[in-house]
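One letter stands for each residue in the lines below.
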Amino acid sequence: MKTYILRRFVQIIPLLFGISALTFILLQLAPGDFLNQMGENPAISPATIEAMRRNFGLDRPWYIQYGLYLRNILLHFDFGESFSRHQPVFTVIREGLSNTLMLAVAAAVVTWGLAIPLGIWAAVRQYSWIDKTLSLIAFIWLSIPEILSGLLLLMLAARTGWFPVGGMRSIDYDDLTAIGRVRDLAWHLALPALVVGLVPLASRMRQMRGNLLDVLRLDYVTTARSKGLDEGVVIYKHALRNALNPMITLFGYTLGALVSGSFVAEIIFSWPGLGRLTLDAILTQDQYLVMGSVLMASVVLIIGNLIADLLLAVADPRISYD
Amino acid sequence: MARVGGVRTLAALGCAAAFVCMAACGSEGDGDSNGPKAAAREQKPLPEEPRVETGEAIGTYGGRFIIAETSGPKTFNVLMANETSSTDITGRMFVGLSDFDNESQQDKPGFAKSWDVSPDGLTWTFHLRKGAAFSDGHPMTAADVLFSFQLAYDETLHPSVQDLLVTNGRKWDISTPDDYTFVIKVPSPNAMVIPLSGSVPVLPKHVLEPIFKAGNFASAYNISTPPDQIVTSGPFRLKQYVAGEKAVLEPNPYWFGVDEKHNRLPYLDELVFLEVPDQDAADLKFRAGQIDGLENVKPENYQWYADNQQQGTYRLYELGPALATNFFWFNLNTAQKAENGRKVGDPLIDPVKYSWFSNVTFRRAVSMAVDREAMIPSIFFGEAVKNWSTSTPGSKVWYTPDVVKYDFNIDESKRLLASLGWKDTNGDGILEDTKGQTVSFTMKTNSDNKMRVGMANFIRDDLAKVGIRVTLVPVDFNTLITNIRDDKQYDTLLLGLQSGVPPDPAMGQNVWRSSGRTHYWNISQPKPTTPEEAKIDSLMDTLVTNSDLAVRKQSWKEIQDIVNTQAWVIWLPTINSKLPMSTRFGNAKPSPIPHRLLWNIDRVFVKKH
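Residue numbers (this note's numbering), protein chains in the order written: chain A, 1304 to 1625; chain B, 93 to 701.
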């Protein structure tokens, strides 16, 4: 197992190299550069723009820029500076990343916290009106674009005052007690987490339902029932444990998508995450900030996939990587 | 092993229940934006020579004003900041020698209490306020102004303001005869010295000189600098910045501005810039009372705001026509050096199209084919006016009502096209020119701007009615700029310009001079291509150097008349600007000029009930 993990980590290096090269080339292919839009400001002269272009090193050919970028990473672990903020890329990204992860984890809690019990409920009452209603609601939610569901929930919040209209913290956050701060964060987190979390709910719920139904048809379940065991014990003690097995793998894979899944919600709910930062960086062609965000998202994705593979081995004794 | 996994997932389930409860229980806090209790205000002695600001009412201290911004500040370094998300904030934190009064649209004193100019118009003497201080209490003197100008002129930093502080390519000569006098000598008369002197923020030499000498000025005062280290000269200083969320300003306890009763301004305890990236979300937040004012509202929402203001929690201010324009032009750029098989002076577009575009009769006919009134109800929701200049009716000083214009007149347009000898020879509804070429061209605009795309659609339909085929090509904004600046690959292009502060046409030299980089239809000409453009250049010289307003206005009128007679620019309607602001505040005086809400925020106060 250890050698497997080590091997996977070694594989990350060429992968990240490839991703960075591809991102850099795509950024170069996009028309213009960071200073391009500034050219439309009549107050800024071509001389200023040329001076800035030299300061940023944007006047050099792209392969030299990329070479310098790689060299700074390898020698100094320096990922460059954001053009617009005059700050190291990692300082800029760090905070956004933690906020995005907070939202993503809360969304995962919503998805899985609802998908598993509802999936079980639907499986136990297969073809009943409960099963059908749950599927209907889940699929309606699946088919509403996040941007619409987000705005609808924001409207609800604005009308009722039950929830804040976007943002991550109240204005008075700093004056609150520790418990008050946690409550304030949770209160702000509720709607965006709901929007992001409910999208994959339909498929997760159907998978849970399907898994459990498969297991319930197996012989050992029939045996358990024929022994006269209580139906609750049969389902929750004998069937459910095996039915959850594939869900664990699936859970591992969704870890990888955590960072990229909430961009739309971040913008609608003014959530200060990595998605907004990246979008802003792409629109202004703040190239090292884009590079930093893409690499960061890639690392999270790769690690998420690794965890998924490991979870699979842990959960299923038939799988071994040695 | 499977057992362990199952238990973990069920544990997560328990978490979810607790989370939902917490979320539902915590329903207090944000809805209340009345702000903190009015804390005892730091009472520093007033400067010897304060600036007295007049307002409708004497205010009271306390309260908080929350405004939404679509993106956050990138830096608090006012000299290096180039985007409005930063300058909206830094503009409240720093002051220059002069200031601008949005209400009268005139210059007013800043750190300089007064100024005078020598009879030859070359030597400008600024008399500085005695007793003024930075937010850390350190005295503000002429040495700080000199240091700020030196930063502005620094070649390595090259801040954008540098290019404005020159006359005929020569830097101004600056000196400080004593602590409270600052002198600018210009090489030739310049009507813009006062507003431009106001565009250099006064920066604290005692804080920034060591940083500048160490070569780190560009990254000084960045968004991770601790707020108490950012020493300001303006009405506010930074209290707190939370990345991606908000920037909170508090009063500068040493600010030299006072009201008529010599109460130190600003009245507010806090000015909060809240980051709300989505405009619809900002609307909802305003409606829920969690924001006190919005600088930008989509015109499709004007009606909603107007209908709901009876509830009395806010007012929708109608500010009249905006100082922003919409127009399109024809690509008349020619090769400036021989390359790609073109000789110098050859058109960069299809020579057939160039022969149409360079014909003034054709351009007038196009202008007269555009039904501007029809655009207003559908694209601008009725909230726009026809406009014929970069000085829109919103400009109090520079709007010229009686300029030459070629407004909608479809019969005249058809007659003009017929006079060119163009007719529809093959009966397909589209004209052919005298050589039998179908009269058809493309129009580019940026695809993310719904209004521009909408206007381009109207223009296509209008021109089809006189027998001209237009194909729309909406493209990404960056591509558009590359097309304008570098490859010049377009036939016609629809764009807009936003006026600067002050809205003086001398600030628009880039647009109107033949050598200008924003002289869109034929940019950066080595020498004027047409006699009309040569005439504009000389009128622009008068406009920039003469200090007699009547003479300057006459020059501006002539420039507009030449541009419109030539129909180089086909003008489109200008939107009316409106903005909502909470009625809890006194002295609110929104203006169509940027910073619409914020320009007098130091006088705004929370009304007592």
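Note that these hints are calculated values from the structure, not bench results.
Hints may be right or wrong, so weigh each one.
Here are the simulated DMTMM-like pairs of lysine to aspartate or glutamate, each with C-alpha atoms no more than 20 angstroms apart in a straight line [as the list claims (entries may be wrong)]: (1) B:435 to B:633; (2) B:222 to B:212; (3) B:263 to B:633; (4) B:331 to A:1478; (5) B:649 to B:553; (6) B:331 to A:1353; (7) B:681 to B:195; (8) B:222 to B:180; (9) B:263 to A:1475; (10) B:488 to B:193; (11) B:681 to A:1475; (12) B:331 to B:578.
Computed footprint of chain A on chain B; a stretch qualifies when at least three of its residues, placed anywhere within it, have a C-beta under 8 angstroms from a C-beta of chain A [unchecked claim]: (13) 280-286; (14) 371-385.
C-beta: ideal position from N, C-alpha, C; glycine also.
Against the structure, the hints:
no., hint, result
1, B:435 to B:633, "violated, 31 angstroms"
2, B:222 to B:212, "violated, 28 angstroms"
3, B:263 to B:633, "holds, 18 angstroms"
4, B:331 to A:1478, "holds, 14 angstroms"
5, B:649 to B:553, "violated, 32 angstroms"
6, B:331 to A:1353, "violated, 35 angstroms"
7, B:681 to B:195, "holds, 8 angstroms"
8, B:222 to B:180, "violated, 28 angstroms"
9, B:263 to A:1475, "violated, 48 angstroms"
10, B:488 to B:193, "holds, 12 angstroms"
11, B:681 to A:1475, "violated, 28 angstroms"
12, B:331 to B:578, "violated, 44 angstroms"
13, 280-286, "violated (count 0)"
14, 371-385, "holds (count 7)"
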